Amino acid sequence: MIGDWLDIGSVDQITPGTARTLPVVGFDEIAVFRTQKNEFYALVNKCPHKQGPLSQGIVHDNMVTCPLHNWNISLKTGEALGEDKGCVPTIPMKVDAGRMYLLRSAVVGKRAA
Amino acid sequence: MRSGGFFVLRVLPRITKLNAPSTLMDKDNTAAVKERLVVIGNGMAGCRAVEEILARDPARFDVTIFGAEPRVNYNRIMLSPVLAGEKAFEDIVINGDDWYADNAITLVSGDPIVSIDRATQTVLAKSGRVEPYDRLLIATGSDPFIIPVPGKDLAGVVTFRDLDDVDKMLTAAEKGGSAVVIGGGLLGLEAAHGLSLRGMKVTVVHLMPTLMERQLDEAAGYLLKTELERRGQTIVTGGDTAEIVGRDGHVSAVRLKDGRTFDADIVVMAVGIRPGTTLAKSAGIEVERGIVVDDHMVTSDPAIMAVGECVQHRGACYGLVAPLWDMCRALADAACESPSGYEGSVTSTKLKVSGIDLFSAGDFSGGDGAEDIVMRDAARGVYKRVVVKDNRLVGAVLYGDTADGSWYFDLLKKGEDISDIREALIFGQAFASGGALLDPNAAVAALSDDAEICGCNGVSKGKVIETINAGACSLDAVRSTCKASASCGSCTGLVESLLALTLGGEVQSGPKTMCKCTSFSHDDVRRLIGEKSLRSIPQAMQELHWTTPDGCSSCRPALNYYLLCAWPGEYEDDQKSRFVNERLHANIQKDGTYSVVPRMWGGLTNPRELRAIADVVEKFNAPMVKVTGGQRLDIFGIKKEDLPAVWADLNAAGMVSGHAYGKSLRTVKTCVGSEWCRFGTQDSTGLGVKLERMTWGSWMPHKFKIAVSGCPRNCAEATIKDFGVVCVDSGYELHVGGNGGIKVRATDLLCKVATEAETMDVCAAFIQLYREQAHYLERTAPWIERVGLDHVKAGLFDDADSVKRLAARFRYSQTFCQDDPWAERVAGKDADLHQHLAEVRPLSITEYAQ
Ligand code: SRM
Ligand SMILES: Cc1cc2nc3c(=O)[nH]c(=O)nc-3n(C[C@H](O)[C@H](O)[C@H](O)COP(=O)(O)OP(=O)(O)OC[C@H]3O[C@@H](n4cnc5c(N)ncnc54)[C@H](O)[C@@H]3O)c2cc1C
Ligand code: SF4
Ligand code: FES
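Taken in order, these protein sequences are the chains called C and B.
The first sequence runs 1 to 113 under my numbering.
The second sequence runs 1001 to 1850 under my numbering.
No lab work stands behind these hints: they were computed from the structure.
Source: prediction; values computed, not measured.
A portion of the hints provided could be inaccurate.
[Unchecked claim] Computed from the model, here is a short list of chain B residues facing chain C with C-beta under 10 angstroms:
hint: 1; residue: Pro1538
hint: 2; residue: Thr1548
hint: 3; residue: Pro1549
hint: 4; residue: Leu1584
hint: 5; residue: Lys1640
hint: 6; residue: Asp1642
hint: 7; residue: Pro1842
For every residue, glycine included, the Cβ atom is placed at its ideal position computed from N, Cα and C.
Chain C with its partners taken away, still in its complex shape (with noise of 0.2 angstroms):
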């Protein structure tokens, strides 16, 4: 039975503040992360700058800065913030009862390059 929403574990895998990754085999890598005020967020692990590895950035409020060209992201929207221009793909996410879900129709994103 498959439903709508992957589990992908419990919320206490990840450190407030911090964001890991989840590899899609064949797909683009996604970064899930866990902000200081315990929002969740998915995002494609790739900065629409440069491809910079998002969940490597240092994270506050509820945005990321890429490590590579330190590009502010929103976490919520995956849009780049003030000057710069760009968007990466978020991933719907549901915590429900301590577990971490994400929409499974929007784990397979586009095929890793």
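Once you have looked at the hints, place chain B with the ligands on chain C.
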């Protein structure tokens, strides 16, 4: 009224028309005679009115100011920070002696006026001095209200209005013990905060069920109460004082009507203020609650004006500074014959208690047709409520996150239709203005010209821009010219945005704030971490009024470093505040893989190390290995999951992390030196290894490179390193502040020493001085350019023991740093940084593809 052709008699005008000429000119003699303006009250409004007049027409009046307080004009609202120990009196002086002198103002301080004689147009001071006036300005402020309970006159009962009151509180606080503050409004809470910081056990007794009920609704009042209780204050709401109990003529306790009694070595009465109208009343001027004035701040006697907290204008009396700036402008306009008229003010309130962000404006009592929009974020302790009526914003209460306060206040004052942004209104300007407007400059650009930027000094956006256009190109210049951000500093970010907007790239840097999240400079933050004993990033952000919930990618690493440097061995490093390279102990590459550089002490290596590196390269299919410019080998293309395994293999061959990624000691370059070289004077290789062993692993403001050359031919390029040693026959020349990077800078010669041991000590001391003083991300070269070589020399050598002390501090902090970070990871520490959360293997691609 004129006599003869040669002089002019002073007119004693019964001014009927405001724009009547106030100076008479003798037809034959062009010398003008100034009118005599006498000001009663050397406070905020009185002096500001004079400033405004001088700005319009410096030659118009002969000014005499009487002040009851024996001192110059100061910023009364800053008494709270003085009480809390955050400012000294000198910091809050608005106009010092030189201002009075420069403007030929006679200041009669410590001599209150006791009566006004309107018939002769004179005032009488307590000392007996009689001063005639043509125009009189009453600016007597207000008097603290004393509740008429038994014991109110006991010694130890104080109010909170002027510097003498603060002195009394400080004297009491020195002895410690308990304080009871009666009144949980703005003043009372600021007094309580100060006394509690000064070490007293503080109880606040408030009559109403909600703290600051005039500014806060119940929810915000509750959050405030909880926070103050968490900080150790006892908050009694609904507490009605029955009596102040005394012992030997001095207060000892406060008893409430319900019988509860609280010990008190001092009682601060902060229940409210009353306009200071006594003088005006006895002079027969019209007085209701305050001295009644018209829109030009003129009283019922046309020769007498009044301004500030003592007045009542269109039925309203004010207890905040913002309205009096408006009043003073209108007053000066009228006194200088271009009357504009004051129409009353809408006020907003902020509480000046560090770490508590609270903002309130307008009417939030709700009422007919008013709608509330509320947002709470319990985890962040944020509560926001805006009140909308007829599609206009009429009130706002913000607790915990007040970043949007000035925007709401602006909307409120302008009374604009907000239907378009209604949905997003509560989320603040960034959202309401259409999505990702996170650029603070854009937010400030969107403010209207009359939006208030500096609440403490009543400076509008238009005024700041005018100041900048008139040539103030730095924060300091703006501060000294129009006073914006010169008081509490909370609007520094706004002023900086205005500088950036107005001047583009031409802003001259003053003491720059650390980042957009704070109004403090790097130096302030470092100092306050020590003074306030701040021990964690959240605590520092809380106590230093960070304007963002958890900082940004530039202040977090800086704070982490400052705390680490301040509290070696105590502070626990915050991994999530570190840039990825320092978190993963490897350099991130453009493709998201990492490079690994093991340490090769002094550039020396051996077969075992080389073999281990060769094996790693093969085993992990590293696409490249390269000799670096720092005399060691760099292995490229390692995945973050493989890093621990790579390190395990390198560790096994005795190698540790080279910190090629860190704001820390990088390499110590050496040359072959006396051991092999025909010119070598000392063992440069050996000394390099010793220096590297001493300094590796330390965290610094920026990367730090050392080199040791065996003779002045300088093959190790020691004169472009942060610390360079050039060996000579007679000893060692020690160089500092070199940089071979973006901007090449040759070193300065620091000193010459005779032995290796001295070299080691000076090196350790220099590094520690740099660690303790430089700004985060400032290398030694720009640091020395900023502070000057003499400053560095003084810090090291002025006192014979400095080198020893600094070196000892460095060595102490090194005892906590010289564990190989790679070994820890190999042993399993922070494994989650390397491992994937999970892996998804789609069953069949078609099943999911859309
Ligand atoms: C690997 C190496 C180049 C090489 O292949 O030789 C290198 C590589 C990098 N340098 Fe360098 N620098 C290397 C020696 C140097 C040198 C030469 C030296 O140390 O003698 C200099 C000039 C000397 C100096 O620092 O004064 C140098 C001046 C810089 C600068 C400019 C620093 C400055 O203050 O102006 C940067 C940029 C920065 O730090 O902000 C930089 C930054 C970088 C970074 C870290 C860029 C980055 O942030 O990703 C490069 C990392 C590449 C990687 O992924 O490994 N690198 N870099 C050298 C490593 C030395 C080592 O063993 O640790
Ligand atoms: C501790 C504290 C904190 C405050 N914090 C804030 C704040 O954060 N924000 C805000 O907007 N407002 C704040 N206020 C209120 C603000 O300080 C007042 O609104 C402002 O000072 C009023 O200015 P003023 O000139 O009318 O009165 P004052 O500044 O009080 O000046 C009146 C002066 O007249 C003198 N005087 C009185 N009678 C005579 C006489 N007969 N002869 C000669 N001199 C006389 C007094 O000694 C006094 O120096 C605070 C007030 C206090 C006490
Ligand atoms: S000079 Fe340094 S920073 Fe520039 S490309 Fe080469 S290694 Fe990278
Ligand atoms: S790749 Fe993210 S900022 Fe350049």
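request  = With a cut-off of 10 angstroms on the beta carbons, see whether Lys1640 of chain B makes it to chain C.
outcome  = holds, 8 angstroms
inquiry  = Just to be careful: measuring from the Cβ of Asp1642 of chain B to every Cβ in chain C, is the smallest value less than 10 angstroms?
reply    = Where the cut-off is 10 angstroms and the nearest Cβ of chain C is about 14 angstroms from Asp1642 of chain B, the hint is violated.
query = How about Leu1584 of chain B: closest beta carbon in chain C under 10 angstroms, or not?
reply = holds, 7 angstroms
key: When the least beta-carbon distance from Pro1842 of chain B to chain C is tested against 10 angstroms, hint result   = Because about 5 angstroms separates Pro1842 of chain B from the closest Cβ in chain C, which is inside the 10 angstroms limit, the hint holds.
message = Quick check on Pro1538 of chain B please, does its C-beta sit within 10 angstroms of some C-beta on chain C?
response = Since chain C brings a Cβ to about 9 angstroms from Pro1538 of chain B, closer than 10 angstroms, the hint holds.
ask   = Should the interface hint for Pro1549 of chain B be scored as holding, given a Cβ-Cβ cut-off of 10 angstroms against chain C?
value = Constraint on Pro1549 of chain B satisfied, holds at 5 angstroms.
ask   = Does Thr1548 of chain B meet its interface restraint, that is, does its C-beta lie within less than 10 angstroms of any C-beta in chain C?
value = holds, 6 angstroms
When each numbered hint is compared with the structure, a violation occurs for hint 6 only.
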